[in-house]
Amino acid sequence: MQRSIFGIFTAFLCAICVLLALEAFRKRRHGLAIIFLLNAFTNLVNSIHAFYATLF
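Going by the working numbering, the first residue of the sequence shown is number 1, and it counts up by one from there.
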């Protein structure tokens with residue numbers, strides 16, 4: 001149960017980071033957008049790890 005809650009939370013954070021990255025690209029802040037996209041990728045990996053208990 002704890003893993004699935006953590007997985008949902010990190011997936012939610014991943015979606016927020018993607019939305020913030022899109023907004024940063026619109027305002028031509030490319031460095032900030034890349035940081036948000038890297039954070040979104042990290043959250044995606046963490047949510048996969050939380051749901052399946054394996055990385056790859």
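For the record, the hints were derived by calculation from the structure and aren't laboratory data. Heads up, a few of these hints could be off.
[Said to hold, decoys possible] Calculated cross-link-like contacts (lysine to any residue; reagent style SDA-like; alpha-carbon spacing at most 20 angstroms): (1) K27 / F12; (2) K27 / L37; (3) K27 / A40; (4) K27 / T42.
[Stated by the list, open to error] Just the calculated beta-carbon pair ranges, DEER-fashion: (5) K27 / A53: 37 to 43 angstroms; (6) R29 / A53: 22 to 28 angstroms; (7) A53 / R28: 29 to 35 angstroms.
By construction, the Cβ of each residue, glycine as well, lies at the ideal position given by its N, Cα and C atoms.
Verification of the supplied hints:
Restraint check for K27 and F12: not satisfied, since their Cα atoms lie roughly 23 angstroms apart, outside the 20 angstroms limit. Taking the CA atoms of K27 and L37, the gap is about 15 angstroms. The hint holds against a cut of 20 angstroms. The suggested pairing of K27 with A40 holds, with an alpha-carbon distance near 19 angstroms, which does not exceed 20 angstroms. A hinted pair counts as satisfied when its Cα atoms are at most 20 angstroms apart, and K27 with T42 does not qualify at roughly 23 angstroms.
For the hinted restraint 37 to 43 angstroms between K27 and A53, the CB-CB distance of approximately 39 angstroms keeps it satisfied. For the pair R29 and A53, the supplied restraint of 22 to 28 angstroms is violated, since their beta-carbon distance comes to about 37 angstroms. Between A53 and R28, the C-beta spacing of about 41 angstroms breaks the proposed range 29 to 35 angstroms.
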